[in-house]
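Participant: Here is how the chains run, residue by residue.
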Amino acid sequence: MAKATLMLPRVLKDAVGTTRLSVTGRTLKEALADAYAQIPALEHHLCESGKLRPHILCFLNDDNTRDEGTLDLPLKDGDTITIFQAISGG
Amino acid sequence: MADRVVVTVGTKRGLFLLESNARRKDWKVEGPYLKGWQIYHAVLDARGTPRVHAAGSSEVFGSSAFSSGRKKIKFEGAKRPPKAPDLLPKALKVAKKYGCNTSKRLWHIEPGRASERGVLYAGTAPAGLFRSEDDGRTWQSVEGLLRHPSRKDWMVGYGGMCLHSIQLDPRDEKRMIVAISAAGSFRTEDGGKTWKPINKAVSKFKGAPKNEQVGTCVHKLLMHPAKPGRVYQQNHVGVYQSDDYGDTWQPIHAGLPFDFGFGLALNPADPDACYVVPLDPEGYTFRATPGAMKVYRWNAKKKTWTALERGLPGDGACVSVLREGMANDTLDPCGVYVGTGSGTVFQSADAGRSWKAAAMHLPPVLSVSAAVV
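These protein sequence lines are chains L and V, in that order.
Just so you know, we're using my numbering here: the first sequence kicks off at 1 and counts up by one.
Just so you know, we're using my numbering here: the second sequence kicks off at 1 and counts up by one.
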C-alpha cells in the first residue's frame with residue numbers, strides 16, 4: 001500500500017473540514033476510496049452516480065487523470081493527488 | 001424587549017449576516033461566509049444556543065447543509081448531507097425539452113418546533129424532504145412523501161423541481177405542510193408517514209398534468225403561527241388564503257397589479273395580514289417589478305391590498321425577488337425584509353409602512369430569513 005496526499009480546493013474546507021488528507025492505496029481509485037471512508041461527505045461532493053462530477057479534474061502529480069480514462073492508476077509513496085474545479089466565465 | 005435581530009442573507013456568492021437591535025435602525029453587515037457556495041436559504045435557529053444553518057449549493061461540488069454557532073462563525077458541512085432524489089421520467093422529459101434546471105440542490109432548511117431540540121427539516125431540488133435529529137450533522141429522507149402516488153406527475157419549473165416550503169404546526173407535532181414547485185402542497189397529520197395533496201381549487205399552470213391532486217405551481221407557502229388553520233400561498237397563478245390548513249383555498253389576488261410573484265411574508269401579530277411583491281411575468285421586465293418596487297400588504301378583514309412604497313425605489317426599478325427572498329421577524333411591530341436580485345436587502349421596522357436599505361451592493365440575493373435572539 002502506498003501513502004499519498006490528497007489536496008482539495010479551498011471551497012471544500014467548509015464542507016469537509018480540511019484541504020489536505022493522508023490516504024493509502026495501491027491505486028488512485030483505492031486512495032480516493034480511503035478518503036471517502038475517512039470523510040463520507042467527500043464522496044457526495046466529488047462524485048455523482050459513482051463517477052467524478054463533470055466539472056472536477058483529478059490530477060495524479062502532474063498528470064490529468066481524465067486523459068487516462070481510468071482511476072485504476074498505480075500509486076507510489078509520496079504521490080500527490082490534487083482535485084481541481086473548473087473555473088470559467090467572464 | 002428582545003436584544004438582537006439577525007437577518008441571514010443567502011446570495012449567489014456566499015452568506016451574509018445582518019444584525020441590529022430591536023429598533024432595527026442601523027445594521028451591521030458580516031460576511032461573506034461560505035464563499036464559493038450559493039446559499040439558497042439560511043436560518044438562525046434561536047432554540048437554545050443560537051446556531052446558523054445554511055443550505056449551500058455549488059455547480060461543481062453539489063450541495064450540503066452547513067452549520068455554525070452564532071458567536072464564533074465556523075461552518076461545518078453535514079457528515080451525511082441530504083441527497084436529493086432523481087427526477088422521474090415525465091419530469092425529466094419536460095426538463096430536457098424546455099431546458100429546466102435539473103441540478104441537485106439543497107433548497108431550504110427549517111428548524112423543528114421549540115420542543116424538538118436538534119431537529120431540522122430540509123427541502124431539496126429535485127423535491128425531497130429530509131429530517132435531521134442531530135442539528136444537521138446527518139439527514140434522513142422522509143420516505144412517506146417520496147412514495148406518494150402522485151409523484152409520477154410532479155413537474156419541473158424553469159428553476160427545477162424544488163421543495164421550498166416546510167411549515168410545522170406549532171400546536172400539533174404530527175401536522176406539517178410542504179410545498180413543491182411545480183407539484184403543489186401536501187399535508188401530513190401523522191408526522192410524515194402519509195401525505196394528502198391540498199391543491200383543490202388552486203389554479204393550474206399552462207400544460208399542467210391532468211392529475212386532480214397535483215399540477216399547481218406553488219411558489220411559497222406560510223402557515224400563520226397564531227391563527228389555527230390560516231395558511232397563505234403565493235402561487236405562479238395567484239395568491240391564496242386558507243382557513244382549514246389547505247383543504248380549501250380562496251383566491252385573494254384581486255387588487256394586485258399582477259397575480260404572479262415568488263416571495264411571501266407574514267405579520268406574526270396579525271393573522272389577517274400577509275406581504276407579497278407582485279412581479280410582471282411578461283414583457284421587458286420579465287419577472288421583475290414593473291418600473292417601481294412596491295410591497296403589497298393584505299388585509300383579510302377588509303379584503304383589500306395596500307401598496308407600501310415609502311422608501312422603496314421607483315424611477316424605473318426593475319428588481320427581482322425570489323421565493324426565499326422575503327421574510328418577517330417576530331417583533332411587534334414586525335420587521336419585514338425583502339432581498340433583491342440586484343443585491344439590496346430592504347427592511348421595514350414598522351410592519352411595512354416605511355422602508356430602507358439595510359444592506360446594498362451584495363451579490364444577487366437568493367434568500368432572507370430573520371430571527372430574534
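Misleading hints may appear alongside valid ones.
Said to hold, decoys possible - Derived pair list, reagent style SDA-like, types lysine to any residue, alpha-carbon separation capped at 25 Å:
no., chain 1, residue 1, chain 2, residue 2
1, V, Lys-83, L, Gly-50
2, L, Lys-13, V, Pro-313
3, L, Lys-13, V, Thr-138
4, V, Lys-79, L, Leu-57
5, V, Lys-74, L, Gly-50
Unchecked claim - Label-pair ranges, simulated between beta-carbon atoms:
no., chain 1, residue 1, chain 2, residue 2, range
6, V, Tyr-98, L, Pro-74, 43 to 51 Å
7, V, Leu-88, L, Thr-24, 34 to 42 Å
8, V, Tyr-158, L, Pro-9, 26 to 34 Å
9, L, Lys-76, V, Lys-74, 53 to 61 Å
10, V, Gly-118, L, Pro-54, 46 to 54 Å
11, L, Asp-62, V, Glu-173, 52 to 60 Å
12, L, Thr-27, V, Tyr-158, 20 to 28 Å
13, V, Gln-250, L, Lys-29, 42 to 50 Å
14, V, Pro-228, L, Glu-43, 40 to 48 Å
15, L, Thr-19, V, Arg-80, 14 to 22 Å
16, V, Gly-144, L, Ala-37, 26 to 34 Å
Unchecked claim - Covered, in the sense of this in silico footprint (three residues per stretch, anywhere, with C-beta under 8 Å from a C-beta of chain L), are these stretches of chain V:
no., stretch
17, 61-67
18, 77-89
Source of the hints: derived by calculation from the structure; they are not laboratory data.
Since this is a predicted model, take the numbers as computed values, not measurements.
The beta-carbon is built from N, C-alpha and C at its ideal position, and this holds for glycine as well.
Participant: Look at each hint and say if it fits the structure.
Facilitator: A quick look at each hint next to the structure:
1. Proximity of V/Lys-83 to L/Gly-50 is assessed by CA-CA distance (about 14 Å); at most 25 Å being required, the pair is judged to hold.
2. The hinted pair formed by L/Lys-13 and V/Pro-313 fails the criterion: a straight-line CA distance of about 39 Å is larger than 25 Å.
3. With a C-alpha separation of about 18 Å, the suggested pairing of L/Lys-13 with V/Thr-138 holds against the 25 Å cut-off.
4. In summary, the hint linking V/Lys-79 to L/Leu-57 is supported, as the alpha carbons are separated by about 23 Å, within the 25 Å threshold.
5. For the hint linking V/Lys-74 to L/Gly-50, the alpha-carbon distance of about 30 Å lies beyond 25 Å, and the restraint is violated.
6. At roughly 46 Å, the beta carbons of V/Tyr-98 and L/Pro-74 sit within the given window of 43 to 51 Å.
7. Remark: the range hint 34 to 42 Å for V/Leu-88 to L/Thr-24 is upheld by a beta-carbon distance near 40 Å.
8. Between V/Tyr-158 and L/Pro-9 the beta carbon distance is about 30 Å. The supplied range of 26 to 34 Å therefore holds.
9. Separated by about 36 Å at the C-beta atoms, L/Lys-76 and V/Lys-74 break the suggested range of 53 to 61 Å.
10. Between V/Gly-118 and L/Pro-54 the beta carbon distance is about 36 Å. The supplied range of 46 to 54 Å is therefore violated.
11. For L/Asp-62 and V/Glu-173, the Cβ-Cβ distance of about 57 Å falls inside the hinted range of 52 to 60 Å, so the restraint holds.
12. The hinted window of 20 to 28 Å between L/Thr-27 and V/Tyr-158 is violated, with their beta carbons roughly 43 Å apart.
13. As the Cβ distance of V/Gln-250 to L/Lys-29 is approximately 59 Å, the hint placing it in 42 to 50 Å is violated.
14. Remark: the range hint 40 to 48 Å for V/Pro-228 to L/Glu-43 is upheld by a beta-carbon distance near 44 Å.
15. For the hinted restraint 14 to 22 Å between L/Thr-19 and V/Arg-80, the CB-CB distance of approximately 21 Å keeps it satisfied.
16. In this structure the supplied range 26 to 34 Å holds for V/Gly-144 paired with L/Ala-37, their Cβ-Cβ distance being about 31 Å.
17. Beta-carbon proximity to chain L at under 8 Å applies to 4 residues in the stretch 61-67 of chain V; the threshold of 3 is reached and the given coverage holds.
18. Only when three residues or more bring their CB closer than 8 Å to a CB of chain L does the claim for the stretch 77-89 of chain V stand; here the count is 6, and the claim holds.
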